[in-house]
Amino acid sequence: MLTAQGLEVVYRDVLIGLRGVSLQVRTGTIVAVLGSNGAGKTTMLRALTGLLDVHKGKVTKGSVDFEGTRLDRMDASAIVRAGIGQVMEGRRIFPALTVDENLRTGAYTVRSKAKIRENYDRVLELFPKLVDRRTSTAGYLSGGEQQMVAIGRALMSSPRLLLLDEPSLGLAPLIVEQITGIIREVNAQGTSVVLVEQNATMALSLADHGYILENGRVVKDGPAADLLADKDIQEFYLGVGDAGRKSFRDVKTYRRRKRWSS
Amino acid sequence: MTEFLQLMVSGVSLGFTYALVALGFVIIYKATEVINFSQGGLVMIGAYLVYNFTSTWGLPFALSVVLGMLATAGIGLIFERIILRRMVGAPVFAQVMITIGLLFILQNLVTAIWGPDPLNLGDPWGVSTVTFGEVVIQVRQLWGMGLTLFVLLLFFLFFRFTPLGLAMRATAIDQEAALAQGMSSKRVYMAAWGIAGATAALAGVSIASGAASLSPEVQFYALLAFPAIILGGIDSPLGAVIGGLVIGITQSLTAGYIGDIAPWLGAGFESVMPFVVMVLVLLVRPYGLFGTPEIKRV
Ligand SMILES: Nc1ncnc2c1ncn2[C@@H]1O[C@H](COP(=O)(O)OP(=O)(O)OP(=O)(O)O)[C@@H](O)[C@H]1O
Ligand SMILES: [Mg+2]
Numbered sequence: 001m002l003t004a005q006g007l008e009v010v011y012r013d014v015l016i017g018l019r020g021v022s023l024q025v026r027t028g029t030i031v032a033v034l035g036s037n038g039a040g041k042t043t044m045l046r047a048l049t050g051l052l053d054v055h056k057g058k059v060t061k062g063s064v065d066f067e068g069t070r071l072d073r074m075d076a077s078a079i080v081r082a083g084i085g086q087v088m089e090g091r092r093i094f095p096a097l098t099v100d101e102n103l104r105t106g107a108y109t110v111r112s113k114a115k116i117r118e119n120y121d122r123v124l125e126l127f128p129k130l131v132d133r134r135t136s137t138a139g140y141l142s143g144g145e146q147q148m149v150a151i152g153r154a155l156m157s158s159p160r161l162l163l164l165d166e167p168s169l170g171l172a173p174l175i176v177e178q179i180t181g182i183i184r185e186v187n188a189q190g191t192s193v194v195l196v197e198q199n200a201t202m203a204l205s206l207a208d209h210g211y212i213l214e215n216g217r218v219v220k221d222g223p224a225a226d227l228l229a230d231k232d233i234q235e236f237y238l239g240v241g242d243a244g245r246k247s248f249r250d251v252k253t254y255r256r257r258k259r260w261s262s
Numbered sequence: 001m002t003e004f005l006q007l008m009v010s011g012v013s014l015g016f017t018y019a020l021v022a023l024g025f026v027i028i029y030k031a032t033e034v035i036n037f038s039q040g041g042l043v044m045i046g047a048y049l050v051y052n053f054t055s056t057w058g059l060p061f062a063l064s065v066v067l068g069m070l071a072t073a074g075i076g077l078i079f080e081r082i083i084l085r086r087m088v089g090a091p092v093f094a095q096v097m098i099t100i101g102l103l104f105i106l107q108n109l110v111t112a113i114w115g116p117d118p119l120n121l122g123d124p125w126g127v128s129t130v131t132f133g134e135v136v137i138q139v140r141q142l143w144g145m146g147l148t149l150f151v152l153l154l155f156f157l158f159f160r161f162t163p164l165g166l167a168m169r170a171t172a173i174d175q176e177a178a179l180a181q182g183m184s185s186k187r188v189y190m191a192a193w194g195i196a197g198a199t200a201a202l203a204g205v206s207i208a209s210g211a212a213s214l215s216p217e218v219q220f221y222a223l224l225a226f227p228a229i230i231l232g233g234i235d236s237p238l239g240a241v242i243g244g245l246v247i248g249i250t251q252s253l254t255a256g257y258i259g260d261i262a263p264w265l266g267a268g269f270e271s272v273m274p275f276v277v278m279v280l281v282l283l284v285r286p287y288g289l290f291g292t293p294e295i296k297r298v
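These protein sequence lines map, in sequence, to chains A and B.
Take the first sequence: its position 147, counting from 1, is numbered 147 in my numbering, and each next residue is one higher.
Take the second sequence: its position 43, counting from 1, is numbered 43 in my numbering, and each next residue is one higher.
Since no wrong hints were added, every one of them can be taken at face value.
20 Å max Cα-Cα, derived EDC-like pairs, lysine to aspartate or glutamate:
| hint | chain 1 | residue 1 | chain 2 | residue 2 |
| --- | --- | --- | --- | --- |
| 1 | A | LYS56 | B | GLU33 |
| 2 | B | LYS186 | A | ASP75 |
| 3 | A | LYS56 | B | GLU176 |
| 4 | A | LYS56 | A | GLU8 |
| 5 | A | LYS56 | B | ASP174 |
| 6 | A | LYS58 | B | GLU176 |
| 7 | A | LYS61 | A | ASP72 |
| 8 | A | LYS220 | A | GLU8 |
| 9 | B | LYS186 | A | ASP53 |
A short list of chain B residues far from chain A (calculated; beta carbon distances all over 12 Å):
| hint | residue |
| --- | --- |
| 10 | GLY58 |
| 11 | GLN95 |
| 12 | TRP125 |
| 13 | VAL139 |
| 14 | LEU142 |
| 15 | PHE155 |
Some, not all, of what chain B presents toward chain A, calculated at C-beta under 10 Å:
| hint | residue |
| --- | --- |
| 16 | GLY89 |
| 17 | LEU166 |
| 18 | ALA172 |
| 19 | ASP174 |
| 20 | GLU176 |
| 21 | LEU179 |
| 22 | ALA180 |
| 23 | SER184 |
| 24 | THR292 |
Note that these hints are calculated values from the structure, not bench results.
Quick reminder that beta carbons are idealized off the backbone N, C-alpha and C, glycines included.
Based on the sequences and whatever the hints tell you, model everything.
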């Protein structure tokens, strides 16, 4: 089980990233984290995985506990070793490396050759499409295939908790469905999942529990089914009802911003 | 024809030496984005350490070369560990200035210990030569080329097959994504400086061996290797090797033929030629032959 309590994050000593976020992921469950752009979703994942340093950010308050180990003073490498894997926002595969090499980078913390082999076989079983692309340069793969490489890479360390940051971003509906199936299967094989998404329908239909982040705070949380049925959430995140067009436009500007920043 | 082959052999041999020096630059640049101006200093101290092991301590030459490479790798590690590590996040310009400071330290250290006068490295090759047809090759050139090829092969195997080699490549591409896989940037930086030190020592040996002598001048080879790096693409190890060869051959052929073709350019023009070639290549390919067009910063 992962428990984050009252996490506060500050970037460059002045910019506030999180204003006290608490989150719980019970072993074996899928937790969805929703929120519009700038809500702090990625910041929360960085706080959990020790990646704030690179962004000149730090956790100023709060704690993170994973299966009895305190993560908030550990570096990224130790957190991976503790059993947490992640798929970063924007996939972030190594474009100049081959698919195989990308997968090997994910096994960096694994000592046993046999274990690496086992994880590798498991990844190729989950993503049969990658079998023929093993020696291809990863940067030339399609967006969907790159997302598979990113997920496969994260699974190479056999994490007990997998964090995914907007895996559906920029992918066609059919591919999103495939990715959804993969996440469900990975979870069924015993990995807990935190799924950060803009695609609320997809995330909530997969998840057991959901959190909604706004302005660096959790504004709502509850069983995913309840959130799916909630009127406000339908309006703001699912694009249903009168507010539908507005949130649709939000999504559009968000997409545009994404393209500029990538 | 014989003259041409003769010049080519010298050119390739010289080129391999430049390649070794250039590799050190490139590996540190790729890992840390710092242009290490102390590389020439490492070349120099590496050669002097080998001299110390073999001539002063009387150890066998081969063992002395290995020890010299290890010791210079150690100096690189120390530089990284106690100085540049503290500079991470500082402006790259400041880090580059620090490496210039390190060069001065090495220069003073060498002249303080061994003095400014030329010494004999103490290599077993001396001025002996072998002859293929009519082409005469110095034994030290053959060894220099053989050892460089061997080191390049080790490099290739290291980067391709070891976890640390893979971590170095991944970190150079996307540091944050590499961290997210559990890779340690600190280890990558240290490895880069260690490798740069080891290759520098080997380069120092091949420069100061044979008929040449060991003096603080050895460090200036690093400046001549500079066009090789820029030409090959500053972030490409393969480019460093090809760039080194291009510069070495250019220099050798220019020295050989300039008197016949364009005597008005004057003797010594061969030292200018590498820079001419560099500028010509950059006009066509601004990032060098093998460089990455856009070098991204995290
Ligand atoms: N590297 C950074 N330096 C400074 N501020 C940052 C940095 N990254 C994020 N922030 C700020 O922290 C806040 C939360 O951003 P974050 O990226 O976590 O949001 P998000 O929910 O992931 O948004 P998106 O859906 O667009 O990815 C924003 O105000 C943002 O400007
Ligand atoms: Mg984000």
